[in-house]
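**Student:** First residue of the sequence shown: 1, per our numbering; consecutive thereafter.
It should be emphasised that the hints constitute simulated quantities derived from the structure, not laboratory data.
Heads up, some of the hints might be wrong.
When the alpha-carbon atoms are kept at most 27 Å apart in a straight line, the in silico DSSO-like pairs for lysine-lysine are as follows [to be verified]:
1. Lys63 <-> Lys50
2. Lys217 <-> Lys201
3. Lys99 <-> Lys133
4. Lys152 <-> Lys201
For each label pair, taking beta carbons as the anchor points, the in silico distance ranges come out as [claimed, not checked]:
5. Lys99 <-> Lys133: 14 to 20 Å
6. Asn175 <-> Ile272: 40 to 46 Å
7. Gln291 <-> Glu251: 28 to 34 Å
Glycine is no exception: its CB is placed at the ideal position from the N, C-alpha and C atoms.
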Amino acid sequence: MVDKTLVSVIIPVYNVENYLSKSFNSIVNQTYKDIEIIVVNDGSTDSSGKIADSYAEKFSNFKVYHTENRGLSEARNYGLEKSKGEYIFFLDPDDWIEKELFEVAITKMNQDETNIFLMNFNFVNDEGKYISKNRNVRASISAVCSTEIVMKEILFNHIQCFVWQFVCRRNLLMNGNVRHNFENIMYEDVIWTPRTLQLAKSISVSEKYFYNYRQRKHSIVHVSTIKGIEDRKFGIDNFSDFIKKYYPKLEKYLGIWRLAALIHLYAMCTNIKNHHNEVEQLQQNVRKQIQLNKNVSSLKVTDKVKYLLIISRLFVPITKIVRKIKNFKLKGQ
1 MVDKTLVSVI IPVYNVENYL SKSFNSIVNQ TYKDIEIIVV NDGSTDSSGK
51 IADSYAEKFS NFKVYHTENR GLSEARNYGL EKSKGEYIFF LDPDDWIEKE
101 LFEVAITKMN QDETNIFLMN FNFVNDEGKY ISKNRNVRAS ISAVCSTEIV
151 MKEILFNHIQ CFVWQFVCRR NLLMNGNVRH NFENIMYEDV IWTPRTLQLA
201 KSISVSEKYF YNYRQRKHSI VHVSTIKGIE DRKFGIDNFS DFIKKYYPKL
251 EKYLGIWRLA ALIHLYAMCT NIKNHHNEVE QLQQNVRKQI QLNKNVSSLK
301 VTDKVKYLLI ISRLFVPITK IVRKIKNFKL KGQ
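Construct the entire structure; sequences and hints are all you get.
**Tutor:** Listed below in structure tokens is the structure:
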């Protein structure tokens, strides 16, 4: 049975023992109290599982499931199947939320008669200190808007595809059969989020900053691997095909999004310490695509600088120099 007032917070956990307490406490301290916390311990080898169990012993609304390591996608799917709430929220275990999130989100979704609530987020460093805010999602769209408008903002790189930027009604995900269907794939958000948004006729948009996104040096998105590069490329191509198929009117803006995504992909290739032939070939191919893209003026300043360095073939040598300087400073500390 689905509880019409219950919020199900699904947290996939893997080796994040130093961050769990802050993440869990941010849910415990919510002003909205009708919440169940579904923790899926995805084969952690540190004390993450024990920390989760200790919260389950203390709080009756914590439910902890221990599974073998199957990856982020499967952990989220597992949590979704175990959940019973009308509202679904995916929280990353190293991040945390502000205490008014669910009270505001549910009130607004009910008032607006929408199925999705979109919020802003803060960037914080590894120690949890504030770095900066994302571009306010309300900067160019209304408090209630269509999926097509949000999709256009994504293509302009004004809105990101992070799954944790959204609170969703359960029936939207279940009736639309939206799952994290790509087994053990990184950057799945760029695949899952557009398909979820597509099912909503309208979306509630908040100008408030409710989510705190921790920038960890050793997290999945900040460590470049061959698999990560391949998955990122898959996500770029998948999203591009999705726009062409379901939003042909927006295809003219696709080049803007692809250029920023390709620049990030190129940088990921550069971060692989021991270059493999396949990585070098991919990097060369990506550079060609970047060179052919004519949407430079739409890039943010930092990406414009990266673009110019890539085109002039200076990105790799300058990146190496910057890396050596950072390593030298670390050794000197």
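**Student:** Does each hint hold? Answer for all of them.
**Tutor:** Going through the hints against the structure:
For the proposed pair Lys63 and Lys50, the alpha carbon gap of about 13 Å is at most 27 Å, so the pair holds. Distance restraint check for Lys217 and Lys201: the Cα-Cα separation of roughly 38 Å exceeds the 27 Å cut-off, and the hinted pair is therefore not satisfied. Restraint check for Lys99 and Lys133: the C-alpha separation of about 18 Å stays at or below 27 Å, so the hint holds. Taking the CA atoms of Lys152 and Lys201, the gap is near 15 Å; set against the 27 Å cutoff, the hint holds.
Look at Lys99 against Lys133: about 18 Å separates their beta carbons, and that is inside 14 to 20 Å. Checked against the hint of 40 to 46 Å, the C-beta distance between Asn175 and Ile272 comes to roughly 42 Å, which is consistent with it. Separated by about 21 Å at the C-beta atoms, Gln291 and Glu251 break the suggested range of 28 to 34 Å.
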